[in-house]
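Trainee: Below are the chains, spelled out letter by letter.
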Amino acid sequence: MNAVGACSHCLLPIGRIGLQRDVNGEAHQFCCYGCCLAYQVHHGEADEPEAAALLIRLGVGAFLAMSIMLFSLLLYSGTFGVADGWLVHRIHWLLWALATPLIVILGGPFIAGAWQAAIGLRVSSDTLVSIGALAAYGYSGYQVAQGSGIVYFDTATMVLILFTLGRYLEAQGRVRAMRSLAPMLAAERANVRVVADGIDAIRPVHTVQPGTILRIFPGERIAIDGMVIDGHSDCDEAIITGQSETQLKAPGALVHAGSINGHGQIWVRASVAGTDTRWIQISRLVRDALARKSLLGSTIDSAAAIFIPFVLLLAAGTVWFWSTRGPFEVALLIGLAVLVVACPCSLGLAAPLTTAIGIGQAARRGILIRGGGVLEQLARIRGVAFDKTGTLTQGKLQPVYVVTDDTTEKDLLHCATALASGSEHSIARAIAEQGRVNKISVLPAMEIRAHPGAGVTGQIDGVLCAMGSRVFMKALGWTIPEKLSAMPEAPRYTLVYIGWGGRVHGMLALNDTTLPEAKGVIKALHEHGVETLLLSGDRKGPVADVASALGVSTWQAELTPEGKVRALREWAGKRRGSIAMVGDGLNDGPVLASAAVGIAVGTATDLAKESADITLPTGGLGSLPWLVQLAKRVRKSILANLAWALSYNAVALMLAVTGLLKPVVAAGLMFGSSVLVVMRSLRAGHESASIEAHRRIPAEASAAHIYST
Amino acid sequence: MNQYFLIFLAGLAGSAHCVGMCGGFACALGSDPRGSVATVRRHLIYNLGRFSTYCFLGAVAGSLGLLLVGHGGEVTAASLTQRLLAVVSGLLMVFIGLRFFGFFRRFSRSAVDSSGNFLVSALRTLLKAPGAVAPLAFGVLNGFLPCPLVYAFAAQAAGSGGALPGVVTMAAFGLGTFPAMLMMGGVGGWVRQGFHQSRIRTVQVNFPRGRSTVVRFDWRRYSVRMAGGFIVMLGITTFVRGLLPMTAHLHSL
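Chains as they are written, first to last, in the working numbering: chain A, 1 to 709; chain B, 1001 to 1253.
So here's chain A without its partners, still in its complex pose:
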């Protein structure tokens, strides 16, 4: 059910030490004891022995701990005088009796973790906790047996209680921070309402076959790709397409798994099997992305691994130092405080949490990122190379301008659209497509005849109409008005002449236009100090044209796929920082793979094939500057987290070594640093959400403006 490597509870990558448990009869992996604890508490149903057993253990542990604290408080508050010495001694024995099962119950998981690490010849934060608690317990037991009056069972108890509580709270904080990722990962666990014989039945999504009819209530998340067969609604498809506007759904419309149904109830016929939806593919990709450790993350982890033995040595040194200057029990307590306060939990949390939040935020906009390492690379990019056709341009011809003579633009476009509808030529298809998009209603053309390589003729309302090249019009013997014939041939445009009644009435110029948001994207990148490059296999004229229109600094044309790779390497060699390549993924596979960050537009399958590191949704080029900003923010946040955690721990450690901290206060302070990191990450998440409003570069003048008349 769960991909290897991501924690079932908080979705963060599992480090070298993972925990495995069966919950609800499914195998789950957890990154830490806290997640294991919290997951079982929150997902355990009443009939589940494991969750109940865990709670019973916690409850009994709390009972023992409270009893220990109660008697310790009575002892500390001076309730018993010198005359009650025999009673005090009895209470010490009672405390020992209470503390022994407590060490087993609450300390067990920590000791097990420490043991697991010890087998691998390592020390973990569990080692620190275990040594701390066991030292306090062992020393107190020895004191009781000796009949001495100084016991620290309450210290052992509080350390264990606070660490258990801290782990739980930390896990819950992480889950809160990761909440934005939940819809991306829920695909495999989704249920659907199958309609069969007039009865609704709830089934798991993987049982759905193509053709199954499903009912979807308002507000539900749609779990299957399919077609609406009844009902009307509007759907929020942001996590699939990245579009923030809701899409109207009427019978015949396609719905995508992962989108949220709006106000209406709809019936949907599944078009694919429940295991093949795009949502499930995205879900798997995001899961894999989370499980990949980033470079920074693994560096921090190894640093933390060195840190722990250092703390052990420091604690031992502290005990030795203070024991030469005072009573041993004071030295022991100071040593305990050092052990407990130095737990590097927050260090391990700094990178993965922030990275995962970043991946989640991108995924919510339909942007898929292959892992934390990719975000780190993206934060350091100094240049972005673009492919032209299909990346910065529409990738297909579009009418750019129109010239009329003795008629209106409207009539001309009507005629062109009607004739184009009857032809299969690519230019005709482009014209017909634009007519459809702009909802031009036409009278049907009759007797349409295509003249290959020249043009098309047909009867509209009984009048012979023609559309084609200038040569075709001359061949027909139609006159071309002065206004049109006087215009020079524009090499970058495809010109189509349209006429009726024996003369040409106008001309349509077509071009592969640049995307409306492209210029803004390039401008925004330049503002962020990122250089741009245009690499294309196209002829020099159009490439230079697009480059100058968009303001791209440098360009290279007439490149083979290998040539693109070479050009990119050369460009990358000249500057510091990494280089990203944006392409369509189909033709640009090699060059995407050779860039530090390969960004494919519109094809998520490339992510799976590993040719691309990031995929933008179709039409998602406008999100690119936002994404670069996100990566920079994530990196900044990780470094800031690290700085906070390190300075917090350093100050706390200094206080502990100088004997200013009691172990119990130290345990409280320790998970303060984890809480700090979680809170900071949460806040960073909120901040990114607030800049969502202007995440896309607004489209400039649309190519379709000529249809607006």
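Since the hints were made in silico from the structure, they are not lab data. There may be inaccurate statements among the hints.
Unchecked claim - The calculated label-pair distances, taken between Cβ atoms and stated as ranges, are: (1) B:Leu1067 x A:Leu676: 23 to 31 Å; (2) A:Leu134 x B:Val1088: 22 to 30 Å; (3) B:Leu1243 x A:Trp644: 43 to 51 Å.
A virtual CB, placed ideally from N, CA and C, is assigned to each residue, including glycine.
Based on these hints, arrange chain B on the given structure of chain A.
Mentor: Here is chain B on its own, set in the frame of chain A:
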């Protein structure tokens, strides 16, 4: 001892409130299939868990009170702090007591809602868990559920001037709630099964409906008011103690 007996009585009367809130838990804990002895044990263990939480809260409140006050003399700043604490806890108790009469209803809603996801889901799981120790864990966590009565007596414990008086205060209160809670649980089950079949259900559901429930409802209302009276009285005593410049009663009562 006089005062602790008063607290015990207040707990006893106040347990009418417990019947409404925690009685449902005791009922749901139900009877043990292994017979009435096992049932009695089950409910005693549950109440022991609750009791230990109360005692712990008492010890903590008492120590915190002491920490705030110190072992001050008659006219020191510490003594003033202690008197201030008594005034505050007295006012709190009067406020909580008056709520039993139906005043300040607006403040009453949030308590259980805010009791936290963890406690509620944990209690739900534990309720159905098998085993002899599950009721102990259940009782321990149950004791931490937000409850105005517990707050009131914890405040009293804080003003009691030490860990031991704090423990005894809360213990007296806890013992006071025993009879009603044991009755609500499986211990009283066989009595009720015989005589008051219809009433049990209404208590379990916690929404009184129908004729037989009206009787019960009235009974509950009167005892709730009685409890409220006790708590208001206790609150006023504490309050006055804080106002009047005498400290001797603190340990002698």
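Trainee: Does each hint fit the structure? Answer for all of them.
Mentor: Now the hints, each set against the structure:
Between Leu1067 of chain B and Leu676 of chain A the beta carbons are some 27 Å apart, a value that agrees with the proposed interval 23 to 31 Å. Between Leu134 of chain A and Val1088 of chain B the Cβ separation comes to about 42 Å, which falls outside the hinted range of 22 to 30 Å. As the Cβ distance of Leu1243 of chain B to Trp644 of chain A is approximately 48 Å, the hint placing it in 43 to 51 Å holds.
Checked against the numbered hints above, the structure violates only hint 2.
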